[in-house]
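Chemist: If you're matching them up, the sequences are chains A and B in order.
Just so you know, we're using our numbering here: the first sequence kicks off at 1 and counts up by one.
Just so you know, we're using our numbering here: the second sequence kicks off at 1 and counts up by one.
Honestly, the hints are just simulated from the structure, not real lab data.
All figures in this text were calculated on a predicted structure; none of them were measured in a lab.
Watch out, some of these pointers could steer you wrong.
Cβ pair distances, simulated, as ranges [as the list claims (entries may be wrong)]: (1) B/K223 x A/S32: 46 to 56 Å; (2) B/S158 x A/T140: 49 to 59 Å; (3) A/A130 x B/A200: 28 to 38 Å; (4) A/L98 x B/T211: 31 to 41 Å; (5) A/V109 x B/N226: 24 to 34 Å; (6) A/S43 x B/N365: 18 to 28 Å; (7) A/E135 x B/K227: 23 to 33 Å.
Pulled a few chain A residues facing chain B out of the computed Cβ check, cut under 7 Å [to be verified]: (8) L62; (9) S241; (10) K272.
Okay, derived cross-link-like pairs now, DSS-like style, lysine-lysine, Cα gap no bigger than 27 Å in a straight line [claimed, not checked]: (11) B/K217 x A/K49; (12) B/K212 x A/K120; (13) A/K49 x B/K171; (14) A/K49 x B/K212.
Glycine is no exception: its CB is placed at the ideal position from the N, C-alpha and C atoms.
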Amino acid sequence: MARPSFFGLLLIAPALAMIGVLFLYPLGFSLSSAVTGPGGELSFAAFQKAYELYSTDILFTLFIVIVSTLLTALCSIAIAGILTLSETPWLVAILRSLYRWPLFIPFIVAAQCMRTFLAKNGLMNNSLVALGLMEPIQATSFLDWRGIIITFVWKQVPFVTLMLAGAMASIDRATIEAGRNLGASRLRVLIELVLPQVAQTLLVGLVLSFVTMLSVLSVPMMVAGSQPTMLTVDMAFRINSYGDYATANALGVISYVIAGTVAWIYLRHNVKREAQI
Amino acid sequence: MRKAFYAAGFAALLMTSTASAQTLNVATAGDQNMVDYIKDYLGPLFEKQHPGVKVVAVGTGPGDGGSQKIYEKLEAQNKASAPADFDVVVIHQKAAGTMVQEKLLKKYRDELPTGKLVTRDTATNSLGTDVSGYVMPMFHSQTAIAYNPDLIKEPPNSYVELRDWVKKNPKQFGYNGIKGGMSGVAFVTGWVAAFAGDEAKLEKGPYDAATKASWDKAMADLKEFNKNVVITPGNAGTLDMLNRGEIAMGPVWVDMFYSWKAEGKLPPNMRLKLVSPGMPGQPMYYAIPEKTAQNKLAAEFVALATSPDVQAEGIVKRFNWYPGIDAKNLEGKLDQAVWNQLFADIPPDALAANGKPFPIGPYFNDILETYEKKVAN
Numbered sequence: 001m002a003r004p005s006f007f008g009l010l011l012i013a014p015a016l017a018m019i020g021v022l023f024l025y026p027l028g029f030s031l032s033s034a035v036t037g038p039g040g041e042l043s044f045a046a047f048q049k050a051y052e053l054y055s056t057d058i059l060f061t062l063f064i065v066i067v068s069t070l071l072t073a074l075c076s077i078a079i080a081g082i083l084t085l086s087e088t089p090w091l092v093a094i095l096r097s098l099y100r101w102p103l104f105i106p107f108i109v110a111a112q113c114m115r116t117f118l119a120k121n122g123l124m125n126n127s128l129v130a131l132g133l134m135e136p137i138q139a140t141s142f143l144d145w146r147g148i149i150i151t152f153v154w155k156q157v158p159f160v161t162l163m164l165a166g167a168m169a170s171i172d173r174a175t176i177e178a179g180r181n182l183g184a185s186r187l188r189v190l191i192e193l194v195l196p197q198v199a200q201t202l203l204v205g206l207v208l209s210f211v212t213m214l215s216v217l218s219v220p221m222m223v224a225g226s227q228p229t230m231l232t233v234d235m236a237f238r239i240n241s242y243g244d245y246a247t248a249n250a251l252g253v254i255s256y257v258i259a260g261t262v263a264w265i266y267l268r269h270n271v272k273r274e275a276q277i
Numbered sequence: 001m002r003k004a005f006y007a008a009g010f011a012a013l014l015m016t017s018t019a020s021a022q023t024l025n026v027a028t029a030g031d032q033n034m035v036d037y038i039k040d041y042l043g044p045l046f047e048k049q050h051p052g053v054k055v056v057a058v059g060t061g062p063g064d065g066g067s068q069k070i071y072e073k074l075e076a077q078n079k080a081s082a083p084a085d086f087d088v089v090v091i092h093q094k095a096a097g098t099m100v101q102e103k104l105l106k107k108y109r110d111e112l113p114t115g116k117l118v119t120r121d122t123a124t125n126s127l128g129t130d131v132s133g134y135v136m137p138m139f140h141s142q143t144a145i146a147y148n149p150d151l152i153k154e155p156p157n158s159y160v161e162l163r164d165w166v167k168k169n170p171k172q173f174g175y176n177g178i179k180g181g182m183s184g185v186a187f188v189t190g191w192v193a194a195f196a197g198d199e200a201k202l203e204k205g206p207y208d209a210a211t212k213a214s215w216d217k218a219m220a221d222l223k224e225f226n227k228n229v230v231i232t233p234g235n236a237g238t239l240d241m242l243n244r245g246e247i248a249m250g251p252v253w254v255d256m257f258y259s260w261k262a263e264g265k266l267p268p269n270m271r272l273k274l275v276s277p278g279m280p281g282q283p284m285y286y287a288i289p290e291k292t293a294q295n296k297l298a299a300e301f302v303a304l305a306t307s308p309d310v311q312a313e314g315i316v317k318r319f320n321w322y323p324g325i326d327a328k329n330l331e332g333k334l335d336q337a338v339w340n341q342l343f344a345d346i347p348p349d350a351l352a353a354n355g356k357p358f359p360i361g362p363y364f365n366d367i368l369e370t371y372e373k374k375v376a377n
């Protein structure tokens, strides 16, 4: 019995070492340096400073990421729903060929595009003015929190839709057809029959999106001004301008806590489901 | 431990770069125009005079953050007793002081043929630290308020007038806070000097940690002021918004302003105003790391960069900076029109009266931190 387990360990050793060196060690390091004072003693000064300087930004980050996640969910359900349930083939064909594009565009490029698209005299407002839908004087810049949310949603919807549409395609069509035959509208079929069957996939997609958006630096930096801003920008600023790793790590720990809470919700849900099965 | 990791990374970098011995690595902090200056103008000029030498320019990012990166790298290499892989560095004032104190730089100015052409006191005093001999000013730059004369007939003359103007014209003034480059930082330190008094103490010291408590009123006013301004995404962001007509006024670097105007990225009628009691300006310094392998070549590079010809053609004419060496050495090298252009909006006497240095290092940090605590949060 001892020998196979030794070889088994040997086989997974590279993977374990990789996780240890590239993930666990840096994680532990940043956790410990966040609670270490200048003299090497245990200290929460960095957290106090993070709170004094950036409490608004912590709330702002939460707000942006939660709103973006909710909007992403709505848009993805709408698109995946149309792809699965629509009876208009050309609409499905167009949507199917279009929706994936943002997947292949990096965040920084998306941010750069949005900078010129959403500006006060940018492409979007100019088009609306040219179409006569808006007077030039009404034009406002979207390059603030709204710009960040628009960019995030634009970038994450295809990802979640891709997962969701795949899951919807693999559920038993008979359930959908039964619903339709009994006279349920397509919206009702989507909400009451399809969504409950793919809720798990939707949750996974949203959790991954949430964590991704929490960690993006380029979008808040480029799209919006710096007050208030997201935690990633504050971390970069503490390190770049002051070499202040303690406060940056404290902000990092706050991010872990936010991401960890979401992961916990997901895991709890997952365990409950497994217990049911 | 972190330092050890850095050192390992840099050592790996070093091994790849020592392949061609005659490479001069120039690391520069600052906006893209700094990299452009070395890559497009100074580098090729030096390569022509020194056949077989290749000048490689690396940009490390805008603001003090860019200089901080250079400092961290040199410091890590020093701790690891490894030779520096930057041969010439171009840095801001705050980092220059730290680097001189930690003995990371070479004392080279006295042997430089152009060393005696420098007269401004920033060549010896960098935000309160004595850097005499260690640095050569590359140029001086100045911040000022840019405005659109079509929208503003009479620009404010002082911070007080500006504050009242912003109250009457909400969302027409924009600046980039303190995280997006130095023009916003300059505006904020100017604000503190204007409204919290004792400017001389901020500029010359001595440092007293209790002083920051006296800024509360000024910072509260700034928070109020911020409600009626637009926070832009950076030095270039302010100019962008001025160009698109989204704001009518905002603090900018004078050199960037002129360059953008020359490139057609700003309407030609845009003007500048240096408000009283003053806004800060700063030099960028050429410095040579203590442990570079390319000692002689690096000194020759800086000598060329600070020669009157290069200062006239490159610094003043092409990039619209104020010269780093005494301006009288440039006489006869430039036609009068170029010279006048540089002083068109801000005449020399206004520059002398309202062009201020940044506060000394510790006050500078206190101002930024108080801003984050009391204004931004």
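Chemist: If a hint holds in the structure, say so; if it does not, say that too.
Modeler: Now for the hints, and whether the structure bears them out:
1. Distance hint check for B/K223 and A/S32: the Cβ-Cβ separation is about 35 Å, which falls outside the suggested range of 46 to 56 Å.
2. A C-beta distance of roughly 31 Å is found between B/S158 and A/T140, which places it outside the suggested range of 49 to 59 Å.
3. Roughly 55 Å separates the CB atoms of A/A130 and B/A200, a value that falls outside the hinted 28 to 38 Å.
4. Distance hint check: the CB atoms of A/L98 and B/T211 are about 59 Å apart, inconsistent with the given range 31 to 41 Å.
5. With their beta carbons about 31 Å apart, A/V109 and B/N226 fall inside the hinted range of 24 to 34 Å.
6. Between A/S43 and B/N365 the beta carbons are some 20 Å apart, a value that agrees with the proposed interval 18 to 28 Å.
7. A hinted range of 23 to 33 Å holds for the C-beta pair A/E135 and B/K227, which are about 26 Å apart.
8. Nearest Cβ of chain B to the Cβ of A/L62: about 15 Å, over the 7 Å cut. The hint is violated.
9. Interface hint status for A/S241: upheld, as the beta-carbon distance to the closest one in chain B is roughly 5 Å, under 7 Å.
10. A cut of 7 Å between beta carbons decides the hint on A/K272: the least distance to chain B is about 39 Å, and the hint is violated.
11. Pair hint B/K217 plus A/K49 holds up; C-alpha atoms about 21 Å apart against a cutoff of 27 Å.
12. With a C-alpha separation of about 38 Å, the suggested pair B/K212 and A/K120 falls outside the 27 Å cut-off, and the hint is violated.
13. Using a Cα cut-off of 27 Å, the hinted pair A/K49 and B/K171 is violated, with the two alpha carbons roughly 31 Å apart.
14. Straight-line distance between C-alpha atoms of A/K49 and B/K212 comes to about 16 Å, which keeps the hinted pair within the 27 Å bound.
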